[in-house]
Amino acid sequence: MDPRHRPILRRRLGVFRGLAWCLVALLVLIYAWLQLVRHSEFKQLAMQQAVKVRPIPAPRGLVLDRNGHRLVDNRRALHLVVQREDLPTKPEVITSLASALELDPAALARKIQSYRFAGKGRPLVLKENLDEAGIAIAERIRARYPFLSVEVAPRRVYLGDELAGHVLGYVGEVDEELMKVKPGIFRLGETIGKEGFEASGNDKLKGVDGQKRILVDQLGTEVANFGQNDAVTGRSLFLTLDAGLQKVAQDAMGEESGAVVVLDLRDGGVLAMYSSPSYDPNLFLNRLSQDMVDRYLANSVTRPMVNRATQGIYAPGSTFKLLVALAALERGIISPQTPIYCAGKKNFYGRDFRCDKPTGHGSLSMIQAIAQSCDVYFYELASRMDIDDIYATAEKYGLTERTGIDLPQEKRTRIPSRAWKRKAAPKDPKWYGGETISVGIGQGAVGVTPLGLARFYALLATKGKLLTPHLFYGFRDDQKNSLEAAPVPPMKDTPLDPRHWAILDEGLREVVQNGTAAANPFIREIAKGTPFSGKTGTAQVATFVDKAHYARQAKKLKDHALFAGYAPQEHPQIAFAVVVENAGFGSTAAAPIAAKVVKYWFADRLSNPLPPPRGKMVDPFAPQQSAPQEAPE
Amino acid sequence: MRERFRALDPRLLWVLLALIALGTLTLFSAGRQTPQATIWLRQSVWNLLGLTFMLLLATTDPRRIFRYSFASYLIGLAALAAVLVVGKKIGGSTRWFVIAGQTFQPSELMKWVTLLYVSQRLGSRNAEQVSRLELSGAVGLVVFPMLLIQRQPDLGMALSYLPILLIIPLMKGLRARWVVALLLLVGLGGFGAWKFVLKPYQKQRVMIFLDPSSDLQGKGYQVNQSRIAIGSGGLIGKGFTSGSQTQLNFLPVKTTDFAFSVWAEERGFLGVLLALGLFGLLLSRILDAARAAHTNAEAYFCAGAAGIFSLHLLVNVGMVAGALPNKGMVLPFFSAGGSSTLSFFLALGIIMGVLHRSRVK
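Residue numbers (our numbering), protein chains in the order written: chain U, 1 to 633; chain Y, 634 to 994.
It should be emphasised that the hints constitute simulated quantities derived from the structure, not laboratory data.
Watch out, some of these pointers could steer you wrong.
Here's a subset of chain Y near chain U, in silico, CB distances under 7 Å, partners left out [said to hold, decoys possible]:
id, residue
1, ILE863
2, GLY866
3, PHE883
Where a beta carbon is used, it is the ideal one built from N, C-alpha and C, also for glycine.
For reference, chain Y alone in the conformation it holds in the complex (with noise of 0.2 Å):
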């Protein structure tokens, strides 16, 4: 046993720990005036679970991982496939299994599967060896997941898988004509969704972010709301379970996607220094992990990993304080949420295990 727990790298550890403590203090503030009061508790255990399941992993050689990944890659479309049919629909979109009264969403787990693959796939050639047809083909893999999880509809969720392609880069390298023609593409994309594709309503989503004001009593109250909590708690915070914008409700679903909001306004810019710095830390050990990687498909798992992290770090962070709009995006050890803690969990299992046999080596 003791020989497991050594697997575990110390540096990430601590992050990943004092991350999760911040997170639990956030919920138990949050929920107190909900009809959830005790959701700290139940994902306390959600994250009690994840641990475990990540000291497995970190223990399991990342190539006996790998191994599975194409079969866990079929399964999981399968999955996604038959979510559409057998899910429960909640809000209008059909995004979760329900099993012995749990959801499950298999979307979540998913993104992971997709790295682990793709990662294998172009991990098993030298870079200079890649073709042009087997990146198409990699893209394939990540973009067909994402169709499908766009059928529920779930448009956060599909854009998260995105980091993914991080990994092409990373072989590739960038060049800088490829950047200005991607900057051309999404402009001119943009301008002709903006003219001849978007409904009025979604055009009408694009100007509330643009001006929540402008929608105070409906798409643009709840970020309004968490505007006011965040600025309101100015530098040193309210104090715990004093924040006026939490205890008295006027802050939204504020134990999933506006749970920073929470931290700021209690805590305040101090309270939000320390989480970020913790966020860049825990960002920085797992490119240490990438670089520390002894196979191509380690490194380049690790790598979009980090980049998965990152882009949730950004949406729900950004969106939180109105700088970007309102998606649904969980951020890690913050949001309640059984599934999406799970996969976060499994995937640093893995970079620990990269980090371990690295040392072990």
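Okay, chain U solo, but in the shape it has when bound (with noise of 0.2 Å):
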């Protein structure tokens, strides 16, 4: 080496060596800066990051029938979510995540949006009810999106798919629209029952969810629990419905529209209740397809959402004929002994009224012309009382209220009164006597629901009982599968007159024995088992439902087939009420689906009851099934 370079090398080496330390100098400070002087900062986020406050959702009770065969049970499903802490904000982040899950973009940042300022509670859930496949795409998402993940809650399933649609109804999410119409009630992203009995049940059935704090990693994956609040399962409960009885019904209107309701009137409760075409609620638990939509929500045809036992107004037809009877009993108007003469038609107020039978029934006592469902007789009968006579018995009975039964959105009986034309017609307001003549018959501004019917005919049956129909039943005492029984809603006595009632009850009986119905065979063939009393009805079509449809339709305008009544004829125990839409006769369409419900409920039901409601749908998350739970007693 050259001697003359050494000393220079040697201080140049020194500059380096000095900025070598220098170095190090500097980069210790950077992370004194970030250790020390901004450590609590970085331990707030290291934290908020990896300790996550979940909430555990509450499984909801299940809902059996009267002898413990499973309704809705409960299922463990898989949702794709975000925890509120989690939702992205940033637009191309919402976009992308928009279009790998295939959602609306703009639909997903209002979504995310409004969770974001609806403060602690249940994750936004993305996908549903993940299946095998869902749970692949999700996973795959999921890599690309690490602020998502899979939850774990509980979900419904409903046993007899469309074996009580309406009745149990459906649970949905607490949506934005609903935190707007009714604010402060629910929490958003809750499950809560949206229809039916799971609506209307709601408080009763819904548990009290838990929460968890967990220390999860960066794919949001549980790691360590740190202690948690369980979540509090909701109480199980039964409903008075009998499963078997309500396959029955279901069985027996088939493919007609229309509804059946059964009451057992020791206590009001509903045994039976099936409004047909009926839907699957299971289908209500995922986002629905459009399919589904026009199957359901927006089928204006058939309007299959729509309860038609308890939102369904009918004109009652001759069904109605007994309340008229009732009025003219107990005004003194007739005596029921005192005959009246049927011709075949009658004149009122200068236009002819036509009985059903041209020929005429000829002179007619009121127990035969229950029987016979004279309408001359009841014409006549009308024609004597104001149409405020009939609204005053109808009020005494019942009849102008709701039944109160614990379903959403009962729909109130229709009985006319002047009051009720002023309201309702404000431009033509006066009553007109042949209005009161069409009312006899329980046509023209008359309409009544299934249920109020059936109501109606469970008075009779009690003489002069009024219940009020309901669903629930009681809760179960999950440590003795036994029933607590609710106790029973209100029953009303009315004043009816033991007399007029008696009058009454021997018309439905020859009804069934010698009248309407009896021409029908299979209605005598049951009826030798099990006498049982009624009455046909035939209304002429004045539906809820579109006319202009019907006139499109083949079966346009064709008469609704009605069939009210209890059984057995003495001491009765049920009373029922049976609309067939657009089926012709009550005693061809509605009273042999009133038969099939005697003859279970009176003889097979004890030999041969049918098998407990069974679901098709396999859910491969489920734990294992235990076997049907047997009757409470």
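With the hints in hand, could you dock these two chains into one complex?
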């Protein structure tokens, strides 16, 4: 080495060494800044992303029929969710996430926005009820969007499918719209009953969500649990429904539209309530496909979402004649024996009103008139009364009020009166006498729900007791698997004169024994085994369904068939009402359905009960299903 | 055999062994919650292999090594050209040969070969006699492999060749006007590049560097998580294998680029002081070797090596703290990797040899 160069090189290397230590010192300063000065800030950030508070969704209570057969069960479901604290903020992230999930970006952005301002609570569900393919897709998406997570939550399974869709209803998520309509009641994302008993019994069925503090890794997977408040499962409960009878009603209705209601005369419990066409509540748990919307929600032709038993208003037809007879008896307008002559038609107010039988029934007493369903007899009774007299009687026997059943949005039966007309038709507020004549045979402005009709016949069966139809039977004691019966909703005694009652009871017996219903050999056959009472009805179509539609249909404007009554004839136990839309005569279309109900309840049920309802759905995550529960007593 | 071990400089050896111990502990902790739980074992094999090579080189006369520098340089260039053709493409760039299932990155070793050859060329002249032309030639010798590497592309690796050019101010000194001119050039170049050359995604990268929290889901995610890991470590750290950022996988690529964050999180500021102190001692000892060297070439090599180690230290440790852009540059003895580990040991072997010869004589 060049000796002259050596000292210079040494000096320069000394500078290098200085620079190297400066570099080390610089790095030390940077780390001191991060680790000493800003330590608490970063410590908090590290905690925030590793320690999470997650809600534990509580399963709702099970729903069982009166014999303990499961109608609504719970299964485990997996949802792809975003926890509240992980909601994405960047528009481009939301857009790309929406396209990955095949969602509408604008709708997703709105949803995220509303969840962000809704405070603590349930996570935002992006895809619900993942199946195996769905899980695979979700995992793939999660790799790109680590703020997503998969949540295990309970889900509902409706075991009878369409068996009792209208009665059970279904559950859904509290969305932004509901939060706007009813603020302060629910939390966003919470599961609540949306229809049927799930809705009306929501407070009974829902549990209390729990909460847990957990340690999560970068993928949001739970690594450790720092403690939790367990979710409290909702209480299981029994309905008054009898699944077997419900099945009979479903099968008997078949493809027809209409409703069947069967009431327990002891307490007003609903033994069966089937509205046809029914719907499958299971389909409402997932986001509905367009196909499903067309079939159910947007179907304005058969309107399957309407519970015809509580929301369908039908002209009662001849089944209303019992009330007219009762009004006439109570006002002393006619004695039961006084005959009225039927010539097939009669003129009132300058207009001919026809009887069903064009040749005329001849001279009839009240019992015979009920049995033969003579229209002229009841035109005559109506002509001697004021519409407000009929209204007053209806009011006295509870026909003008809602029955008070524990189902949402029950419709009120419509019994016309002068006051009603003034309100309903302000342009033509005057009540005409001819209108009263039509009401006399259950036509015109009269409209009843099948449930209201069944309740009126229950009143006749119990000699004047006004029941409150209800579905809630009682909670289940989960330890003993037994029924803790709920108090029976109030029954009102009405001042029904036993002498008047005897006439009506006799009339209804005659209908089945020798009258309009006896013409049907099937009815005669069953009535031989279990004598029952009832009244046929054939109502001209004035339905709640669009008439213009029927003009295009083959069945257009065919009459509605009705049958209402009670069984057995002596010491009755059940009351029922059957409405079959556009099916023709009450005796041929509706009465046989009632007869099947009677046959099952009093004969087949005891010797050969139907199996419990069973769902066709196979759930891959379901825990081992326990055997169906036995009857509580 | 004893003779051979005596060739190892004890002060450099202890620093080295301490750094290896720190790195192995870090990798043990970093690998635990990943599919590569045994990565610390693999890395230990590389370390042992490296130590063996180091021992061999330390007992070899540096002059014999310099004799092969030109041939090595040519072979290196050929390898860099070949890897562009037959190399394996990983993550969009072609940097690796695959030999018997092992990936090998020629640009790692070529860095030291280039340093070796440039040192040898410039060292054969007296500092006063070196012409501008020869200096320009030396710059060309460095830039040419850099261009080949940029074709892969691998900007971080190409830039790590630049410390070789430190040899020039070591020989000729540094004039103030040169420094000013260089700064002006960098400033104007940067402005011009921002205005006319850089593509939007490249600009975005610079913006993310300036504010990592502006893109938490994307490119800023890694650095942001690394800063959280380091900052949350505090003075004494969260304890060995107890760092939440590391063990819960919030920290990305923690066995390679972000290994130092693992150490900083679990061992805290005191651990960082220890590690950086050891690196300081390492650099210091390498510069000692440069001072003690018998020939110019040996001195230049040692000085260049110190420059390269410094750059790795600055860029990696600065990057994981968010103080420098996110450009992949490994940290010697901490980041897992075969090619880089072997290369560092080979360089240290030559430096050990220089120290040994200075003592023997």
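Here is what the structure says about each hint:
1. Hint status for Y:ILE863: holds, given a least beta-carbon distance of 5 Å to chain U, under 7 Å.
2. For Y:GLY866, the interface hint holds, since its Cβ comes within 7 Å of a Cβ in chain U; the closest pair sits about 6 Å apart.
3. At about 5 Å, the closest approach between the beta carbon of Y:PHE883 and any beta carbon in chain U falls short of 7 Å, and the interface hint on this residue holds.
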